[in-house]
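Participant: In UniProt numbering, the protein residues as written are 1 to 433.
Everything labelled a hint here was simulated from the structure, so no lab data went into it. Even for Gly, the Cβ is constructed at its ideal location relative to N, Cα and C. Treat the hints with caution; some may be incorrect.
As the list claims (entries may be wrong) - Pair by pair, the computed Cβ-Cβ distance ranges are:
id: 1; residue 1: E291; residue 2: E321; range: 43 to 53 angstroms
id: 2; residue 1: E100; residue 2: T120; range: 25 to 35 angstroms
id: 3; residue 1: K390; residue 2: D315; range: 37 to 47 angstroms
id: 4; residue 1: D176; residue 2: F227; range: 47 to 57 angstroms
id: 5; residue 1: E341; residue 2: N266; range: 47 to 57 angstroms
To be verified - Once the Cα atoms are required to be at most 25 angstroms apart in a straight line, the calculated SDA-like pairs of lysine to any residue come out as:
id: 6; residue 1: K135; residue 2: Q162
id: 7; residue 1: K289; residue 2: S26
id: 8; residue 1: K106; residue 2: E131
id: 9; residue 1: K65; residue 2: I8
id: 10; residue 1: K248; residue 2: K177
id: 11; residue 1: K359; residue 2: I338
id: 12; residue 1: K248; residue 2: L112
id: 13; residue 1: K72; residue 2: R145
id: 14; residue 1: K237; residue 2: K135
id: 15; residue 1: K248; residue 2: S278
id: 16; residue 1: K295; residue 2: I8
id: 17; residue 1: K370; residue 2: P325
id: 18; residue 1: K177; residue 2: T264
id: 19; residue 1: K377; residue 2: E37
id: 20; residue 1: K24; residue 2: F227
id: 21; residue 1: K165; residue 2: G56
id: 22; residue 1: K121; residue 2: N191
id: 23; residue 1: K177; residue 2: G242
id: 24; residue 1: K248; residue 2: T305
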Amino acid sequence: MADTNDLITMKASVGPSAVMRGMKNSTHVYFDIVTGEKTETARPPVDLCIVLDRSGSMASKGKLKTAKAAMKSVVEGLSGGDRFAVILYDTGVETLFGLETYDLSKEKELVLSQIDAIKTKGCTNLYGGLEEGLKQFSSTTDKTRNQKIFLFSDGLVNAGIQDSKKILALATSIADKGIGLDSFGVGDDFNEDLMRDIGENGCGRFLFVEDADAMEQFVSFAMKGIFALVARHAKLKVRGAGDGVAEKMYGGDLLGGFVLNDLTTNNSRGVLVEATLSPKECGNVELLKWELTYKDLDNQERSLTGIVHVEVTEDEKKVREVNVPVEVARQIRLAVEIDLEIEKLLDQNKRDEAIKRKKAYMEGLDELLKLDEDNIKLKSHVLAQKRAMKDLEDRSVSIQKNRKLGKKNMYKAMHDSGEYCMNDYVHEIKKVS
1 MADTNDLITM KASVGPSAVM RGMKNSTHVY FDIVTGEKTE TARPPVDLCI VLDRSGSMAS
61 KGKLKTAKAA MKSVVEGLSG GDRFAVILYD TGVETLFGLE TYDLSKEKEL VLSQIDAIKT
121 KGCTNLYGGL EEGLKQFSST TDKTRNQKIF LFSDGLVNAG IQDSKKILAL ATSIADKGIG
181 LDSFGVGDDF NEDLMRDIGE NGCGRFLFVE DADAMEQFVS FAMKGIFALV ARHAKLKVRG
241 AGDGVAEKMY GGDLLGGFVL NDLTTNNSRG VLVEATLSPK ECGNVELLKW ELTYKDLDNQ
301 ERSLTGIVHV EVTEDEKKVR EVNVPVEVAR QIRLAVEIDL EIEKLLDQNK RDEAIKRKKA
361 YMEGLDELLK LDEDNIKLKS HVLAQKRAMK DLEDRSVSIQ KNRKLGKKNM YKAMHDSGEY
421 CMNDYVHEIK KVS
């Protein structure tokens, strides 16, 4: 079942694909929001402001080096007609480059050398840096330009306005002005809650960048969000239809909807919903209704709507059939809850129980893999879980370090599975914990 509007296609898969008449059934629906390729070659010009944390905490573990490599990749990706700015913050705030068009054919080496020369100092005035980033757009009235802020930081705020509510209110005000805000959590010891919430409140993305090796991949992904934009402020709402009841939206708010934010070309975003149904008659019946709302590139409100149907049967074999794509999505999201259980067991010094819980989960994955050995997303997830198991079984690794490795592997699992936008994943962690 699919509803299409130009570049955006919604596909909904039910797993299992049939439910039993005369009993209460629990099933899952996987919504796959797929975007196609634009036919026109021209893209809107870009206004991009990079806000970089150069405080003392960025000196550890190569965090500043990683962030500078990202900045240079961003500059290399810009073209004529694009404008960019670079804001540096420590205890204070400095504008390295104001928002304007630079002739990179002549000035690129100068720009890159000034980025290379950035050194760490002082404390972390994140609010001041973001505020100055917003000011760069104050004189811009051309709404055809794609406006974006990239924030690189470990989020360890200790100067200026430190109240997280005020920082998030600033991120919201940036989004309200039509400026997207992507937050890059740099290193493995960043303030996850703050950096995630900045991305969410800023109607952008939150990306975890562990080291320089991962940076190229995620900068490329973030730049695609600028250059290949299809829609902004996308949100999926789901309600029960007929006798169906929407019970749970994984990683999202069932009442308010799943916030997808920007949609880009040639991409796929997935949302998993649990539903229940107690049908009295056999046949093809309504289960859920959905609405995808978004703003197009002309800032106009658009929407897609549709109904999800499911087959009602008395055939037990049909009801037990596994819909592999839906089950893969469910297992990946289940991994969040499993890893949180393991984290609690490690806190209680119960490493053996943690290993047992992880093994039981992985046995289920192995059985699922037998049904579709070529499923790339599932294979990637299994590999990530094997890495986590290896870390868990290594008795030479302290429990404290094991908890940190577990969190890294949770991120890697989603990255390797193609879920590059971390908002979907860590929002579920926040909700479960």
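Participant: The structure should be examined with respect to each hint, and the outcome stated for every one.
Facilitator: Hints, one by one, checked against the model:
A C-beta distance of roughly 29 angstroms is found between E291 and E321, which places it outside the suggested range of 43 to 53 angstroms. At roughly 27 angstroms, the beta-carbon separation of E100 and T120 lies within the given 25 to 35 angstroms, and the hint holds. Here the CB-CB span from K390 to D315 is close to 42 angstroms, well matched to the stated 37 to 47 angstroms. Checked against the given bound of 47 to 57 angstroms, the beta carbons of D176 and F227, roughly 24 angstroms apart, lie outside it.
Restraint check, E341 to N266: a C-beta distance of roughly 36 angstroms breaks the suggested window 47 to 57 angstroms. The straight-line distance between the Cα atoms of K135 and Q162 is roughly 19 angstroms, inside the 25 angstroms bound, and the hint therefore holds. Distance hint between K289 and S26 is fulfilled; the C-alpha atoms sit about 17 angstroms from each other, no more than 25 angstroms. Restraint check for K106 and E131: the C-alpha separation of about 30 angstroms exceeds 25 angstroms, so the hint is violated.
Restraint check for K65 and I8: not satisfied, since their Cα atoms lie roughly 38 angstroms apart, outside the 25 angstroms limit. Taking the CA atoms of K248 and K177, the gap is near 32 angstroms; set against the 25 angstroms cutoff, the hint is violated. The suggested pairing of K359 with I338 holds, with an alpha-carbon distance near 11 angstroms, which does not exceed 25 angstroms. For the proposed pair K248 and L112, the alpha carbon gap of about 48 angstroms is over 25 angstroms, so the pair is violated.
About 22 angstroms separates the Cα atoms of K72 and R145, which keeps this hinted pair within 25 angstroms; it holds. Distance hint between K237 and K135 is unfulfilled; the C-alpha atoms sit about 34 angstroms from each other, more than 25 angstroms. Using a Cα cut-off of 25 angstroms, the hinted pair K248 and S278 holds, with the two alpha carbons roughly 17 angstroms apart. Proximity of K295 to I8 is assessed by CA-CA distance (about 12 angstroms); at most 25 angstroms being required, the pair is judged to hold.
Restraint check: the Cα-Cα separation between K370 and P325 comes to about 13 angstroms, which is no more than 25 angstroms; the hinted pair holds. Straight-line distance between C-alpha atoms of K177 and T264 comes to about 20 angstroms, which keeps the hinted pair within the 25 angstroms bound. Annotation: proposed proximity of K377 to E37 holds, straight-line Cα distance about 22 angstroms (limit 25 angstroms). Distance restraint check for K24 and F227: the Cα-Cα separation of roughly 47 angstroms exceeds the 25 angstroms cut-off, and the hinted pair is therefore not satisfied.
With a CA separation close to 24 angstroms, the supplied pair K165 and G56 stays within the 25 angstroms bound. The hinted pair formed by K121 and N191 meets the criterion: a straight-line CA distance of about 19 angstroms does not exceed 25 angstroms. Restraint check for K177 and G242: not satisfied, since their Cα atoms lie roughly 39 angstroms apart, outside the 25 angstroms limit. The hinted pair formed by K248 and T305 meets the criterion: a straight-line CA distance of about 19 angstroms does not exceed 25 angstroms.
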